[in-house]
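Q: Once you have looked at the hints, place chain H on chain Y.
Number of protein chains: 2
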Amino acid sequence: MTSPEKIWTAGLIVIGDEILSGRTQDKNIAQVASWLQVQGIRLAEVRVVPDVESRIVAAVNDLRAAFDYLFTTGGIGPTHDDITVDAVAAALGVPVVIHPDARALLERYYANKGGLNEGRLRMARVPEGSELILNRMSGAPGIRRGNLFLMAGVPHITAGMLDALTGQLEGGAPLLTETIGCWVAESEVADLLRRVEAAHETCQIGSYPFFREGRVGANFVVRSTSAEDLKSCCDSLTDGLATHGHDFTPGGI
Amino acid sequence: MTSPEKIWTAGLIVIGDEILSGRTQDKNIAQVASWLQVQGIRLAEVRVVPDVESRIVAAVNDLRAAFDYLFTTGGIGPTHDDITVDAVAAALGVPVVIHPDARALLERYYANKGGLNEGRLRMARVPEGSELILNRMSGAPGIRRGNLFLMAGVPHITAGMLDALTGQLEGGAPLLTETIGCWVAESEVADLLRRVEAAHETCQIGSYPFFREGRVGANFVVRSTSAEDLKSCCDSLTDGLATHGHDFTPGGI
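Taken in sequence, the protein lines are chains Y and H.
In terms of this note's numbering, the first sequence is residues 1 to 253.
In terms of this note's numbering, the second sequence is residues 1 to 253.
Looking at chain Y on its own, in the form it has when it is part of the complex (with noise of 0.2 Å):
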């Protein structure tokens, strides 16, 4: 038996006319999905936005009011197109300020690279009543206000902040996963998944069909956050694979 338990929740907006325009394959929906796995937060809502400011409000606006938590990636940066901070602020409905700390951080980490100039200072530019999130990759640092995270858009610099606030937020238990491979067409079993979930009320079932070396397949990934719960509904899987005379792969195909 679980107890029932609080489940934490986030929203993430994904800010970028490189990714509408698939210019960009968007790399930080699936890091930072993974990564509140772990700390036992799960990611509900995704939106990919334009650099547009009243388009970022409106989803800021949707999804802080949704979730517990809210991320956003990309629009950070130096440039004119880099105008999440006032978004985000007006979506608060709070000024832009200075961070004397990011100022201090930038001059020392520009100190040999030319000094600041106007458009390296916008990076110092957060919603009054934020924090940083540091971030050892570049001088820049992310953003926090609350329950509001503003993170970089390159990936390996999202790693490095999501590093920074690893083991900081508030989660539940988090979700466990087993993942059941089966050559076998997903439509032959689609009656069995459907049972075996219905009979184990805490977990789900995903199925995840592929074409590989000629034969069709599937991944089956039972989710729960119970252990107890999640063994016996992958046990009531793969027995009812047997009986229908599949072969079963525990791990995935």
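Hints are supplied without guarantee of correctness; some may be wrong.
To be verified - Just the calculated beta-carbon pair ranges, DEER-fashion:
no., chain 1, residue 1, chain 2, residue 2, range
1, Y, Ile7, H, Ala227, 48 to 54 Å
2, Y, Val97, H, Gln168, 26 to 32 Å
3, Y, Ser226, H, Thr249, 52 to 58 Å
4, Y, Gly93, H, Gln25, 55 to 61 Å
5, Y, Ala66, H, Glu201, 32 to 38 Å
6, H, Leu134, Y, Thr202, 37 to 43 Å
7, Y, Pro100, H, Asp247, 33 to 39 Å
8, H, Arg136, Y, Glu107, 56 to 62 Å
9, Y, Asn117, H, Arg212, 22 to 28 Å
10, H, Pro155, Y, Ile7, 26 to 32 Å
11, Y, Gly93, H, Arg108, 58 to 64 Å
12, Y, Ser34, H, Glu53, 23 to 29 Å
13, Y, Ala66, H, Leu134, 34 to 40 Å
Stated by the list, open to error - Partner residues are not named here, just some residues of chain Y that face chain H (Cβ under 8 Å, in silico):
no., residue
14, Asp17
15, Ile19
16, Gly22
17, Glu197
18, Glu201
Unchecked claim - To give an idea of the chain H side of the interface with chain Y (calculated C-beta under 8 Å), a few residues:
no., residue
19, Ala33
20, Val96
21, Glu118
22, Ser207
I should point out that these hints are in silico values taken from the structure, not numbers from a laboratory.
Positions of the beta carbon are idealized from the N, C-alpha and C atoms, including for glycine.
A: The following block gives chain H in isolation, referenced to the frame of chain Y:
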């Protein structure tokens, strides 16, 4: 001079717990975005939502009201977690029906693979009033209902469905882009970028920094629907970079 022209826009809803858990790296956002560019349609917003009917319904109703076209990927397979058709039908307020042509397609496809069963027949279900989007990769079709397009989640099947739709949708002038690469910290030329963009009102300049081989650089992406304005903006930008003493690389680095 370009004449004022309608800008055609699309929303995309990526449906699936596997993206939100970080298990699967989404590839459909970039794929749909690039395809839309060629059709003269701008991807204006993406939402990633879980396999939960109420959340899909909300996203469908928000985005179909906001944009000219709406695409979804994921959740149209044979298993219990494939609920896109039901959610979209609920959003539109129409019943789910079996499409006779889809049923016939699936009967042929599965004739020598064990025949239709309950799970496979799920893939013939459509919101009433829909047409099919044919798919050479697997038996199951995508679904079109007016300006709403329901596509597969598996990227190479999505690709086949996009291929079937190529040239079928009304769009505007394709957005043209030119990329100029430069081994410069974007923070050094932020003011130049801002001034050049301001001087070319039909153009947007995006700045995408990178770190490679131990050096910083950036690609500047200039976008416009006017080839003439695009060239003029790129010329101003490369002149400015040269004036600042920076080499540039047409086509990007």
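Q: For the range 48 to 54 Å, tell me whether the beta carbons of Y:Ile7 and H:Ala227 fit it or not.
A: holds (52 Å)
Q: For the hint 22 to 28 Å, verify it against the beta carbon of Y:Asn117 and that of H:Arg212.
A: holds (23 Å)
Q: For the hint 23 to 29 Å, verify it against the beta carbon of Y:Ser34 and that of H:Glu53.
A: holds (26 Å)
Q: Could one say that the CB atoms of Y:Val97 and H:Gln168 fall in the range 26 to 32 Å?
A: violated (51 Å)
Q: Go through the hint on Y:Ile19 and say holds or violated, using the shortest Cβ distance to chain H against 8 Å.
A: holds (7 Å)
Q: Does the nearest C-beta of chain H fall within a distance shorter than 8 Å of the C-beta of Y:Asp17?
A: holds (5 Å)
Q: Is it true that the C-beta distance of Y:Gly93 to H:Arg108 lies inside 58 to 64 Å, as the hint says?
A: holds (60 Å)
Q: Starting from the hint 32 to 38 Å, judge whether the C-beta atoms of Y:Ala66 and H:Glu201 obey it.
A: Holds, at about 36 Å.
Q: Just tell me: holds or violated, for the beta carbon distance of H:Leu134 and Y:Thr202 against 37 to 43 Å?
A: holds (40 Å)
Q: Min Cβ distance, H:Ala33 to chain Y: is it shorter than 8 Å?
A: Given a least distance of 3 Å, the restraint on H:Ala33 holds.
Q: Hey, does the Y:Glu201 contact hint survive, CB to chain H under 8 Å?
A: violated (14 Å)
Q: So, as I understand it, the hint says Y:Gly22 touches chain H; can you test that by seeing if any CB pair is closer than 8 Å?
A: holds (3 Å)
The structure fails hints 2, 4, 18 and 20 (numbered hints given earlier, in ascending order).
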